[in-house]
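Peer 1: Each residue of the sequence shown is one higher than the one before, counting from 4 in the numbering used here.
Treat the hints as calculated values from the structure; they're not laboratory data. Beta carbons: idealized from backbone N, C-alpha and C, even for Gly. Fair warning: there could be bad hints in the mix.
Unchecked claim - Between beta-carbon pairs, the in silico distance windows are: (1) L172 with Q240: 25 to 31 Å; (2) D166 with F115: 58 to 64 Å; (3) Q248 with N167: 31 to 37 Å.
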Amino acid sequence: MIETQSTEPKAPLINGRAIDWILFLLAMISLGLLIWQNFAHVSQFELMIIRLTDYSVCSIFAAEFFWRWLKDGWTLKYLGRNWYAILGMIPISNSIMHPYPWLRALLILARFGRAIDRILGEGFTYRLVNRLKNTVVNAISGLVTIAVLDRVADVLVKGTYTDNIARALAEDEGLLRAMVLEKLKSDPQTGRLSWLPYHDEIVESVINAVLRVTESILKDSRTDALVSNMLRVNVEQLRAAIDAQEQEKESD
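Please construct the entire structure, taking both the sequences and the accompanying hints into account.
Peer 2: Next up, the structure:
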């Protein structure tokens, strides 16, 4: 059986219409002038030329952006895919930007991404940024989770949970007594004993004994150590599970 090869040409990596190449060249020229402004001493006339070029390119990119948005039906999805294009329309040569070099660098990257889209296809920069973001998040998510768990474990182990419970029981002791007495009387088994002599006094004595013993157990340092140890073991189990997941990622 003879296999026939497809004669359809493959889509080139670099494409784009003439207008796309013009926009790309304009963006590259403006970026070159902006880099020149940032790393070289320019005269007032040269600065005026740089700013005029910068504002002109921003205006052209803004017009092109809104034209494409109009063709897309003014959808929010278009804004979500091309958010960096909005940054690329901000004039970088303005003197307001000079105290913020990190912001100028971000705007330059956004404009460069918009220019690359013109020849590599709409949304290329968006997909590239998302892929880089997912790679970075996957690389550091496990480490960040382990670091947070370690800090949380330190705080949890030092907590006085049993003492807090004992204090809460003491504050609501009256409500707790009434609730226990109500449940005992409504219980089908213990409710039958309500006709016994001194029933209420016996129940009250039992409640008092239970509350005293419970409070004594909660205030015992051994109980606090037991709870802290339980929390520590659970945190270590979570940490081991995360370590195992990270090792699986590395093996893949």
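Peer 1: Are the hints correct? Go through all of them and say.
Peer 2: Hints versus structure:
1. L172 with Q240: 25 to 31 Å: Holds, at about 30 Å.
2. D166 with F115: 58 to 64 Å: holds (60 Å)
3. Q248 with N167: 31 to 37 Å: holds (34 Å)
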